[in-house]
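> One-letter residues, chain by chain:
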Amino acid sequence: MAIVDVRVQVGTIPIWGTQFSEGHLRRMMEKYGISRCVVSSTKASTCDFISGNDAVSQLAGKGGIYGCAVVNTQYPPQSIEDMRRRMSSPAFVALLIRSGLPNKPVTLDECSEILNAFRRYAKVVMIEASNREGVLAADEIARAFGGLKFVLLSMGGAAWRTAIDVADKTLNLVLEVSGSLNPDKIRLAVERVGAHRMVFGTNMPIYDPSITVGLVEGADISDVDRRLIFEGTANRLFGWASRESSE
Amino acid sequence: MEIIDANTMFGPWPRERADMSLDRLVSALSNRGVARAITLSTTGIFHSYNDGNAETLEGCQGKSNLTPAATIDPRGYFAGMNMTAKLVAQGFKMFRFFPSEQGWPLDHAVFEDILDELEPTPTPIMINASRTGDASALGRILGGRQHPLILEGVTFETLAEAVSVMKKHSNIYVETHGLIAPGGIKFLAEQVGAERIVFGSDCPRSSLAGALRLMNESGLSDEDKAKVFGGNIMRLLGG
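Sequences listed follow chains A and B, in order. By my numbering, the letter at position 201 of the first sequence is numbered 201, and the numbering carries on one by one without gaps. One gets my numbering by counting positions in the second sequence from 1 and adding 1000 to each.
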């Protein structure tokens, strides 16, 4: 079964200071059978989104690696300008919005200007949320921009039940399954939200892919649903399924 | 290769909805081929260590694949009660402590009293060390004590600290469930030796399948995997 990993970072690993380069990523893709991945930059997420996005643009669009541009709501004009440089390219398939502050969720009022400018690209928006406050804020954003597709990264972290509750009602919200390792999480999300709205992500190199692969493999769900989570939903979300069928 | 899971629990978990029943734990161990698990009742963490220890013994009774771990909350323990010896006599094979969940500092005077009580016994201790500074504090508190101490909840953010302390104290070990950074387990083995690492999953609160896969793909040799999966904890438990 091929895997599409929608959440990968490259660059210097925060705190440890070691490099996770394109070469490291390719080896991990081969090891885990990852056919496609969506990559952002560690530096873009922690301090400098523009130079981080520059680094991603060097490898995006080649050999199954696609780019996710990061923007920072503390810098709306710069974010919009950088977004315009990247998002017309087919190599960049998603936008990750960050608040610029650790553990502070992005809110609707902070990101409206950026998302209004982003609408024309009709690509995927990713939002991180590790607690209930973040999940509810992401839900508010997704409802306000009903024409866009949103991926809730880490499925809300410890607030994964809240994430399932909101995704049940907010149909343009897709759940990415890394985060909490609760063994019930995947099955409950499939039952309530459906595997057709769940995508696989590892958050490597922060997390080892084997842990999330094991979480999904060990979940009490059907093989059809497992396949959707591992690749089917993401292929459809990013438009790769239609491209494959037309080729 | 026999697998022993050194970190499991059962019982209520008030801070997050979770099915942590004993049946579920037993079923997960059986389904995943884990031969044996060290476990305790979470009642001992959140309510009363006396009640929790009693539930642990009851839960493990008649189940040869479950080994009971006791817990004591230092906030409600008076030195001189010598409860540790009584618990060992009841059949508990490990002592576990939960400073983060219970909100006490590692330099709690009573915790040191308990360490002193435990010193004459070979019973290993497992303690949560998930916060930055925990491992360092434990190193200071441990001083010259030679009791085996297993750090649980170490993550990539606290691994460097744990390694530093482990290099100064040969009786400190690390449990694996928090080491989910790529290469984290292998790195730790290279730093301190595979004989200082103990497999644990945090099951059924966390995925046992994920923890096993992480270990199987850790890059350790089969010999080192055997140590981590079971050999080390068997040695600490006295066979």
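What the hints contain is simulated information worked out from the structure, not anything from laboratory work. Certain hints may be false.
To spell it out: a stretch of chain B is covered by chain A in this simulated footprint if at least three of its residues, at any positions, have a beta carbon under 8 angstroms from a beta carbon of chain A; those stretches are [what the hints assert, rightly or not]:
| no. | region |
| --- | --- |
| 1 | 1180–1189 |
| 2 | 1210–1219 |
Rough simulated footprint, nothing fancy, chain A against chain B, three-plus residues with beta-carbon under 8 angstroms [stated by the list, open to error]:
| no. | region |
| --- | --- |
| 3 | 1036–1047 |
| 4 | 1103–1115 |
If you're wondering where the values come from, they're calculated on a predicted model, not measured in any experiment. Glycine residues also receive a C-beta, built at the ideal position from the N, C-alpha and C atoms.
> Residue count check for the region 1180–1189 of chain B against chain A: does it reach three with CB-CB under 8 angstroms?
holds (count 5)
> If you count the residues of the region 1210–1219 of chain B with a beta-carbon closer than 8 angstroms to a beta-carbon of chain A, do you get 3 or more?
Held - the region 1210–1219 of chain B has 7 residues with a Cβ nearer than 8 angstroms to chain A, which meets the minimum of three.
> Between the region 1103–1115 of chain B and chain A, see if three or more residues pass the 8 angstroms beta-carbon test, and mark the coverage as holds or violated.
violated (count 0)
> Examine the region 1036–1047 of chain B for residues whose CB is less than 8 angstroms from any CB of chain A, and state whether their number is three or more.
Check failed, 0 qualifying residues.
Checked against the numbered hints listed earlier, the structure breaks hints 3, 4; every other hint is satisfied.
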